[in-house]
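Engineer: Below, each chain spelled out in residue letters.
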Amino acid sequence: MLSLGLDASAVGWKLLPVLLVFGAVLAVVPLLVYLERKVCAWIQNRVGPNRVGLLGPDGLAQGVLGFSGGGKRILGGLLQPLADAIKLISKEDFIPAQADKFLFSLAPFFALLPPFLTFVVVPVGADLTFGGTTVPLIVADLGVGMLWVLSVSSLAAYGVQLGGWASNSKFSLLGGVRATAQMISYEITMGLVLLSVFMHYDSLSLREIVQAQATYFDPLLGRLAANGLGSWGVWHQPLAALLFVICAFAENNRLPFDMPECEAELVGGYHTEYSSMKFGMFFQGEYIAMLAMGAVISTLFFGGWHYPGYASVAAASPNLAALISLAVLGAKVMIFVLFQMWVRWTLPRFRYDQVMELGWKVLIPLALVNLVVTALVNL
Amino acid sequence: MANPVEDIRQIAPKATSLATQSLALNLGPQHPATHGTLRFKMELDGETIRSCTPEIGFLHTGFEKLGEYRNYNQFVVITDRANYLSPLNNNIGFAIACEELFGVTVPPRGQYVRVVLAELSRIADHVVSVGLQAMDLGAFSVMLWAFIEREKMYDVFEATTGARLTTSWTRVGGIFRDVPADFADLVRGVTSKLPPVIEEIEFMLSKNKIFKDRTVGVGTLTREQAISYGMTGPCMRACGVAYDVRKSRPYLCYPELNFEIPVRTEGDVFARYLVRLEEMRQSLSIIEQALQKMPEGPVCSVDHKVALPPKDLVYQDMESLIHHFKIVMPGHGITPPRGEVYSCTESPNGELGFYLVSDGTGLPYRVRIRPPSFYNHQAFPAQVEGRMLSDAVAILSSMNVIAGELDR
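The listed protein sequences correspond, in order, to chains S and L. Quick note: the first sequence uses the numbering used here, first residue 8, plus one each step. Quick note: the second sequence uses the numbering used here, first residue 53, plus one each step.
If you're looking for bench data, these hints aren't it; they were derived computationally from the structure. Any given hint could turn out to be false.
What the hints assert, rightly or not - Among chain L residues calculated to face chain S with C-beta under 7 Å, some are:
no.: 1; residue: Leu77
no.: 2; residue: Gly80
no.: 3; residue: Glu99
no.: 4; residue: Leu189
no.: 5; residue: Ser193
no.: 6; residue: Leu196
no.: 7; residue: Phe199
no.: 8; residue: Ile200
no.: 9; residue: Ile262
no.: 10; residue: Arg418
no.: 11; residue: Gly438
no.: 12; residue: Leu441
Stated by the list, open to error - 30 Å max Cα-Cα, derived DSBU-like pairs, lysine-lysine:
no.: 13; chain 1: L; residue 1: Lys261; chain 2: S; residue 2: Lys108
no.: 14; chain 1: L; residue 1: Lys93; chain 2: L; residue 2: Lys117
no.: 15; chain 1: S; residue 1: Lys368; chain 2: L; residue 2: Lys259
no.: 16; chain 1: L; residue 1: Lys259; chain 2: L; residue 2: Lys204
no.: 17; chain 1: S; residue 1: Lys368; chain 2: L; residue 2: Lys117
no.: 18; chain 1: S; residue 1: Lys45; chain 2: S; residue 2: Lys98
no.: 19; chain 1: L; residue 1: Lys261; chain 2: S; residue 2: Lys45
no.: 20; chain 1: L; residue 1: Lys261; chain 2: S; residue 2: Lys368
no.: 21; chain 1: S; residue 1: Lys45; chain 2: L; residue 2: Lys204
no.: 22; chain 1: L; residue 1: Lys245; chain 2: S; residue 2: Lys45
no.: 23; chain 1: L; residue 1: Lys299; chain 2: L; residue 2: Lys261
no.: 24; chain 1: S; residue 1: Lys45; chain 2: L; residue 2: Lys299
no.: 25; chain 1: S; residue 1: Lys45; chain 2: L; residue 2: Lys378
no.: 26; chain 1: L; residue 1: Lys264; chain 2: S; residue 2: Lys177
no.: 27; chain 1: S; residue 1: Lys177; chain 2: L; residue 2: Lys93
no.: 28; chain 1: L; residue 1: Lys117; chain 2: L; residue 2: Lys378
no.: 29; chain 1: S; residue 1: Lys94; chain 2: S; residue 2: Lys45
no.: 30; chain 1: L; residue 1: Lys204; chain 2: L; residue 2: Lys245
no.: 31; chain 1: L; residue 1: Lys245; chain 2: L; residue 2: Lys345
Positions of the beta carbon are idealized from the N, C-alpha and C atoms, including for glycine.
Could you put the whole structure together from the sequences, leaning on the hints where they help?
Structural biologist: Here it is in structure tokens:
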């Protein structure tokens with residue numbers, strides 16, 4: 008099948024990373040919803056979704072084909088996200104009478120698109136080669152790289168803000184106001200952290216950042232060694248990694264920073280008034296943002312798609328090495344997604360002013376210190 | 053009419069800041085944090101609560117008026133619905149009030165069995181209350197762990213009373229039937245597994261920086277304020293007042309049992325949480341002592357003018373048949389002497405009082421309930437005014453206000 012591609016034009020190959028990245032993201036989001044529900048069920052001593060599956064007594068196969076799979080429930084609940092999606096789409100798309108209809112409808116797009124756009128600059132794997140054509144597994148290798156990530160992730164604040172304001176509900180408004188203040192505050196820290204990361208790697212391009220983590224100076228060998236875990240950014244910028252992870256939580260509005268939602272006091276926060284697929288888009292946006300942040304964290308601090316032994320595999324078969332690198336990045340991203348889920352179902356949430364205090368009085372000074380130290384080291 | 057330009061000149065020097073408007077927020081009656089049907093009219097300045105006016109009555113069910121049309125045993129069914137987190141404590145509280153009115157005593161075994169289930173019910177209430185407190189602060193998992201424990205206790209209630217929530221367990225003079233033969237094992241099966249869960253909850257919350265930030269110093273009430281609002285229960289004991297009806301006005305067999313009243317002096321949300329945790333441990337000890345000391349014998353009064361005679365006697369014995377007929381038939385029934393009585397017990401939320409007035413007929417003339425939540429709820433505005441909206445949620449769940457007994 009791959010041989011068909013030998014005749015395809017280079018332009019056609021450009022589409023491959025686009026389809027791969029966005030297709031994978033869209034395919035993984037429903038699985039993440041399933042995973043989140045399963046993970047929280049495990050934490051809470053519950054069973055979680057276990058009915059709507061493929062095989063088994065209540066499975067799709069029995070409903071459609073009359074095949075019960077021997078009465079065993081295999082991977083039950085795996086189709087729960089599908090059921091959720093059907094439910095969301097078939098629900099009434101309600102817009103409150105006093106809402107600003109245009110902005111109300113616009114806001115979910117702002118929640119959904121920016122995390123998608125983040126993936127544009129993330130290199131998801133090593134280069135594939137087909138005949139003479141080299142296909143880099145990155146949608147667009149922008150020179151500004153991380154600045155693009157920063158700028159599109161700030162766009163996400165508009166989704167929450169507009170959603171909160173346009174709903175014309177007091178709870179939504181409070182959620183929107185909180186979101187604005189929180190996201191702006193934590194973006195400052197994020198920016199400062201990224202400055203020191205740029206200084207360290209001497210580049211803004213995520214592709215180059217991954218390559219920079221491919222080799223490192225091994226003090227035992229006394230020379231540059233390839234593909235070791237020791238070259239990961241987290242060892243060189245540990246404080247930056249920690250601060251970035253905290254900011255990622257705040258940017259994604261995940262617990263303990265879920266001020267804008269805060270179901271206990273603000274009902275549903277900015278999406279209180281949303282229903283049907285508009286709510287679904289906010290929901291999807293949150294999970295894509297989790298993936299996006301996982302991808303960015305892996306790329307900046309945990310070697311991106313690089314893995315030990317890449318060079319030897321690549322020497323034998325570059326395409327095999329590239330496929331493994333895809334899986335490696337996927338695994339790293341999933342670890343961070345699971346981490347975010349674990350934290351969410353474990354910790355209580357901050358109060359709004361405590362979030363601000365943490366952001367301005369703790370994280371920003373720490374980021375500044377880190378910046379100065381990095382600058383001195385890199386002089 | 054004054055020249056508008058001049059007016060502005062007069063106003064301008066005074067306007068030192070931008071004019072702001074307070075936000076009128078209607079919290080409830082349908083709001084996730086109220087856990088029922090409470091309503092608060094709040095005036096917000098940004099996130100800060102300027103004023104708060106609680107409005108009650110959304111769950112008004114006319115319990116007290118219903119009491120005037122039911123005889124003393126029928127009203128037990130109504131008490132289930134008052135505090136629906138701890139129906140057994142309501143049953144027992146009402147039964148004790150009736151027994152004081154009728155002048156009957158409950159045999160020792162009946163008292164011990166009542167104490168065991170009252171304390172188990174207190175633990176069920178406290179563990180859910182602590183769990184909901186955690187849930188309102190975002191720690192959702194703790195709530196579900198707590199609910200699992202409560203369901204196990206409800207299994208014991210089901211085995212003993214036949215119902216999980218609407219227990220309707222007590223009768224005037226005792227309880228309607230003896231507990232199952234394996235009662236002690238059933239209870240110990242639950243209580244032995246509880247300490248690790250309490251420890252786990254403590255591990256998740258007590259030293260958690262976020263939880264402490266959200267609760268320490270929030271909703272602080274002084275000792276004097278707590279007394280002046282008529283607060284009782286864990287909320288009052290968290291303010292440094294060692295008032296517990298089980299000690300100050302002993303009932304059932306509590307004087308024979310050895311337990312302590314946990315008291316904290318901080319008066320904040322965190323102190324209430326700690327008091328509840330400690331009370332659960334004390335209740336566990338009470339249950340164990342009561343199970344060990346539990347005597348044999350009848351569980352219901354042998355005064356068959358008030359309490360039904362055993363069924364097998366009714367079939368064999370003329371006297372018992374007449375007693376049974378007299379108690380059960382409308383127009384006969386059990387009749388207390390004329391008079392009035394106020395009796396209170398320590399329910400999980402505080403002093404649960406019943407004021408009964410009898411005119412000498414089979415129906416009470418007046419049934420007045422003194423629910424702890426009603427008095428505790430009064431202190432809510434004083435706690436939240438000047439604090440942030442998020443604190444209101446933390447404070448409300450720490451008071452464990454139950455709309456069923458609040459509105460009656």
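Engineer: Please verify whether S:Lys45 and S:Lys98 have alpha carbons no more than 30 Å apart.
Structural biologist: 24 Å, holds
Engineer: Tell me if the straight-line CA distance from L:Lys204 to L:Lys245 falls inside 30 Å.
Structural biologist: 10 Å, holds
Engineer: Given the hinted pair S:Lys368 and L:Lys259, is their alpha-carbon gap at most 30 Å?
Structural biologist: 22 Å, holds
Engineer: Please verify whether L:Lys245 and S:Lys45 have alpha carbons no more than 30 Å apart.
Structural biologist: 25 Å, holds
Engineer: If you draw a straight line from the CA of L:Lys245 to the CA of L:Lys345, is it 30 Å or shorter?
Structural biologist: This hinted pair holds, its Cα atoms lying about 21 Å apart.
Engineer: Between L:Lys261 and S:Lys45, is the straight-line Cα distance small enough, at 30 Å or below?
Structural biologist: Distance of about 27 Å is within 30 Å: holds.
Engineer: For the pair supplied as a hint, L:Lys261 and S:Lys108, is the alpha-carbon distance within the 30 Å limit?
Structural biologist: 42 Å, violated
Engineer: Would the pair L:Lys264 and S:Lys177 pass a check requiring their Cα atoms to be no farther apart than 30 Å?
Structural biologist: 28 Å, holds
Engineer: Would the hint on L:Ile200 stand, with a C-beta cut-off of 7 Å toward chain S?
Structural biologist: Given a least distance of 6 Å, the restraint on L:Ile200 holds.
Engineer: Given the hint that S:Lys368 pairs with L:Lys117, test it: the Cα-Cα distance must not exceed 30 Å.
Structural biologist: 58 Å, violated
Engineer: Would the hint on L:Arg418 stand, with a C-beta cut-off of 7 Å toward chain S?
Structural biologist: 40 Å, violated
Engineer: Does L:Gly80 pass the interface hint, meaning its C-beta sits closer than 7 Å to a C-beta of chain S?
Structural biologist: 11 Å, violated
When held up to the earlier numbered hints, the structure conflicts with 2, 7, 10, 11, 13, 17, 23, 24 and 25 and fits the remainder.
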